[in-house]
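J.: Okay, here's what each chain looks like letter by letter:
Protein chains: 4
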Amino acid sequence: MILTLHSSTTLHEVNALAKRLTGMGLTPLVQHQDGVFQIALIKGIDDKVNLSAFAQLPHVKAVVPMHENYKLSAREVKSDRTVIQVGDCAIGGGDCVVMAGPCAIEDEAQIFQIAKAVAQAGARFLRGGAFKPRTSPYSFQGLGEQGLQLMQAAAKEYGLLSVSEVVAEKDVNLVASYIDMLQIGARNMQNFPLLQAVGKTDRPVLLKRGPSATYQELLLAAEYIMSQGNEKVILCERGIRTFEPYSRNTLDLAAVPILHELSHLPVIVDPSHGTGLRHCIAPMSLAAKACGADGLIIEVHHTPDASVTDAKQAISCEAFEDLMGRLALLD
Amino acid sequence: MILTLHSSTTLHEVNALAKRLTGMGLTPLVQHQDGVFQIALIKGIDDKVNLSAFAQLPHVKAVVPMHENYKLSAREVKSDRTVIQVGDCAIGGGDCVVMAGPCAIEDEAQIFQIAKAVAQAGARFLRGGAFKPRTSPYSFQGLGEQGLQLMQAAAKEYGLLSVSEVVAEKDVNLVASYIDMLQIGARNMQNFPLLQAVGKTDRPVLLKRGPSATYQELLLAAEYIMSQGNEKVILCERGIRTFEPYSRNTLDLAAVPILHELSHLPVIVDPSHGTGLRHCIAPMSLAAKACGADGLIIEVHHTPDASVTDAKQAISCEAFEDLMGRLALLD
Amino acid sequence: MILTLHSSTTLHEVNALAKRLTGMGLTPLVQHQDGVFQIALIKGIDDKVNLSAFAQLPHVKAVVPMHENYKLSAREVKSDRTVIQVGDCAIGGGDCVVMAGPCAIEDEAQIFQIAKAVAQAGARFLRGGAFKPRTSPYSFQGLGEQGLQLMQAAAKEYGLLSVSEVVAEKDVNLVASYIDMLQIGARNMQNFPLLQAVGKTDRPVLLKRGPSATYQELLLAAEYIMSQGNEKVILCERGIRTFEPYSRNTLDLAAVPILHELSHLPVIVDPSHGTGLRHCIAPMSLAAKACGADGLIIEVHHTPDASVTDAKQAISCEAFEDLMGRLALLD
Amino acid sequence: MILTLHSSTTLHEVNALAKRLTGMGLTPLVQHQDGVFQIALIKGIDDKVNLSAFAQLPHVKAVVPMHENYKLSAREVKSDRTVIQVGDCAIGGGDCVVMAGPCAIEDEAQIFQIAKAVAQAGARFLRGGAFKPRTSPYSFQGLGEQGLQLMQAAAKEYGLLSVSEVVAEKDVNLVASYIDMLQIGARNMQNFPLLQAVGKTDRPVLLKRGPSATYQELLLAAEYIMSQGNEKVILCERGIRTFEPYSRNTLDLAAVPILHELSHLPVIVDPSHGTGLRHCIAPMSLAAKACGADGLIIEVHHTPDASVTDAKQAISCEAFEDLMGRLALLD
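Sequence lines, in order, name chains A, B, C and D.
For the first sequence, the numbering used here begins at 1 and goes up steadily by one.
For the second sequence, the numbering used here begins at 1 and goes up steadily by one.
For the third sequence, the numbering used here begins at 1 and goes up steadily by one.
For the fourth sequence, the numbering used here begins at 1 and goes up steadily by one.
The hints are simulated quantities; they were obtained by calculation from the structure and are not laboratory data.
Warning: the hint list may mix true and false statements.
Since the list can't tell identical chains apart, any single copy or any two copies may satisfy a pair.
[Said to hold, decoys possible] In the DSBU-like style, the derived pairs of lysine-lysine whose C-alpha atoms are separated by at most 30 Å in a straight line are: (1) K78 <-> K200; (2) K156 <-> K132; (3) K116 <-> K132; (4) K132 <-> K61; (5) K116 <-> K61.
Note that the structure is predicted; figures quoted are calculated from it, not measured.
Bound-form chain A, shown alone:
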């Protein structure tokens, strides 16, 4: 149970209150967050305690049961890992599920060719963007519904499941009508109305960590979805923004064991956005699997030209096939 105090409470008053709680046989831990005092009571409180009694104490603004903020996502409320079934594929069940495909769906030939290649190499999901959130309003914004149709057809043709991003509340049902799993992109991780909208569908949701989001904020974003009734949330580490200019982001692989400890939800890794560097994708995929990731989401392009430079984010179909062979050796 956490008591949040009024912002006017002085340190003197906090300590007096802590003493009073101690006198009640409790063990108060005084905390401080965003300029407000909180008192956590982690011993001697169980479900039979009358929370409203604590709300009557001086300076107390709110009383929150201990895991109230993470009541759906926290490991403590569900000690078993959650397995999310999408079609015939189980995410979180011990396998490292691979999702692969292009950044954006460009045309029918492209998406079918890539779908065929990734399916043959062992991917279970086809990824690809039809609605692209672009930093500039003047950039290509994706094929929209036509892209979704192409993706659905290509996935079906090659026995793949599909995952694609939704960027607007109003498009949620449209994307859900074509695609097996909805993706919330990093920039929308705290777009709360959008989170609530996908939480009202029955589609599994791939929730990407924001580029400067803490683990706590990622889990609270998952709560926004789950609190609407949709508990099929898959967390995705995709690199955070740091001072290092060489790589596009810094891939935080410790997020895998940390999120597995904090939550029962599956955790996958995106080494493509996570590094932005082609030559890092295979080693980071292997590392992600080695530290327990439940899946990988990888950008694959079919580029006829072999003479590519190092600093690219997508790998070729051939490099993807090679990577799948190396991943299999880790089992």
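Chain A is fixed; fit chains B, C and D onto it per the hints.
T.: Below, chains B, C and D without anything else, positioned relative to chain A:
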């Protein structure tokens, strides 16, 4: 003009193309971004150049006129600073306009009392949240439309203009019907459908910098609004996320002269969220005005209790009045 | 008083110990840092308490008096601000003392010409590097002792005091023999033997914050110097490393009021390294003074060429003179 | 070859110079760093070019051969990976060499017991600190020479090699007389006199990345050592400082493939400091090996108490033995 090359282009091919452009009397600058080569041509190109001819060159994927990405917000396209008129108040016209009020509208007595105090001290805008984007879905989400009504009434009573945040596309018209200036919060800085929605209104927009957004990303977010026809955008520095745990954010005041150099739009500063520390609000407000900020947005609470601790984000009505006096001395 | 517990202590044991302390009439606050539990006792403890008794409690590894870690620098141990007298100049006494000069001493003509200009404009200190810590071993490393001699002569000629960086323990006495104030550069902020060496001199020390150092780490670095007997330490904010690529560093001006609250030591600001952008130096200098900085350290070059670009770190002698006039208006 | 231009050079002049170079049959790439223009010439230049001719061009301040700054550490100057032989152990030769031991040497019984356990589990190096760089001057600073003696004896007894940190120039020879490999800690990564001092010994050097150092800065620190004649440098990723408060640092495992691409030097990983979280050490060790790390350096304590909490940095001897078994399975 910027030529974006196909991602398969090799360094060898880039250099060959650069040489060919040089042979055409141009000065190619090869750049590299997110794994893709770009060639900037910044001399010898004017409006009469046939861009489509460049699109025919080998390896060229796209041709973008030089300031295309910042065609509305950039200083280069408008050398005068923009002055945004809201009612009888000019933002960007040389004065440092002060906006003040509570974080959230709680009830009628609260908002009227604070509105009275900040108006008497010289504020021009009443700020306050009716729709609150909360990190946790279980936190208080604001009074909604009732809050907007209270705010409109309080602002009117004391001759203030009003600014309040909108968090969902579907609420834009509702907020615009009660409030003089729409605020886009930091977490929604890259919520592109929301940016486009406020861009379709005629209300001025206060656009807050995301906690890990670069200057470039902030300006591109402004472009999203402006490209819909609404050019009344006010940029707001409100602190960025860094490694320092003591303050809630690190207030980046150099953003004021930098954004003024890059853009013609007004720039204001939020020292409340920018530091999260009560004792920093007055010095940071003075500093912001000294380095040229076009305005300040400050959280003011009426707390009956004088015995406050240091680590709070809002200042009292009395402290606000004192600060207004000190700001006046800087003129 | 802070009890640091053994790293093997379990949460269960911590809570038992906290309960026992409560039974002794104390108010234990359990904290957690770097994987180790601490119990802070902030009430009911005074100087007469026998600390060694607490060391006998189970799980207790160390007992540290409350302000032991900041026993020389903390505001609590000295409520008056420290004023450091260097020659006829008082730092911390209410004036904003300006230090100016080139990044590196290049030759006699250069340093004399700049010294003359900055003295005439009102600077009190001449700054300049004779020992340059360079990221690359192949870069110019400074003129060494010859540079110190030139600097001493130029400062004397124009009635200035001098400040210059020392980078090696073995050079401390050499630099101290020519220069009035020793500078510890940002990269050496946690070079503990060097800190101790300057702490054994009688020269005032300008201690620059490391590019990723917290306030706490900066103050503990000051303690290293002060614990050797030299309490004349001046703290310097010079920008921190963040994700923003546009500016060289992000100048954290809130460090001025925060360090003034935490410590009694003077705090100055370096807008040159803090932004790395010429056009930001004047606005950031004004902002630093407005928020209470005790001084400024500014890079000034005499460049004959007026056709300069924006993105430079040093300002011309003329721009410096203009800035000094604007700073005077803030008084 | 890179031409660094004078800081007064205007963009107009840069472009004119670039054009002139193009006219000479070269391909100039204009770059901008820390407020200074550089022109890179990466085609048409070979070792026979007279560099001094370029130094005569207008605006040119310095001429640097292309890989001059990384002339010893860069992959391009040595395409084979460097294998560093320490006693009978080869670092960089394909095996993942494990170094293990306590944070600090406390007493004889401790270091012998841990040395025995890690040797039996398969570690090749004993790690342990005798000179501890502590953030606070009032913290335990290590046993000094006595610690080195204990470590030497324990390593010898159990057939281990040894690695220990040196923090001061004056201690370099002392540490080198007892210990097989010298460690430069993260806080000293840019202590240039110390780097030069270890560069004058014949001991291999374990160079830890600073908490906010870029890859480039790490490699330039290696150059400081190598330029003194000692080319036996092992790079170590140990976590960087980011906004995330949950873990002590963010372990940047992409540093392994990136540093392997940029440099021929071996790269090892420190998951203990890199995460600061006990439960992350095994998964991050496995991940580091999976992405190609040449070694691991792990903190191991012999704690009699099994009831440990999660948030500790060191693992027990039993957990270490278990981890060694899991690492072996990756081969």
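J.: Now tell me if each hint is right for this structure.
T.: For each hint, the structure was consulted:
1. K78 <-> K200: within (22 Å within a copy, 45 Å between copies)
2. K156 <-> K132: Result: close within a single copy only, 22 Å intra versus 42 Å inter.
3. K116 <-> K132: Intra 23 Å, inter 46 Å, cutoff 30 Å: intra-copy only.
4. K132 <-> K61: between (42 Å within a copy, 17 Å between copies)
5. K116 <-> K61: between (58 Å within a copy, 25 Å between copies)
Violated hints are absent here; each numbered hint is respected by the structure.
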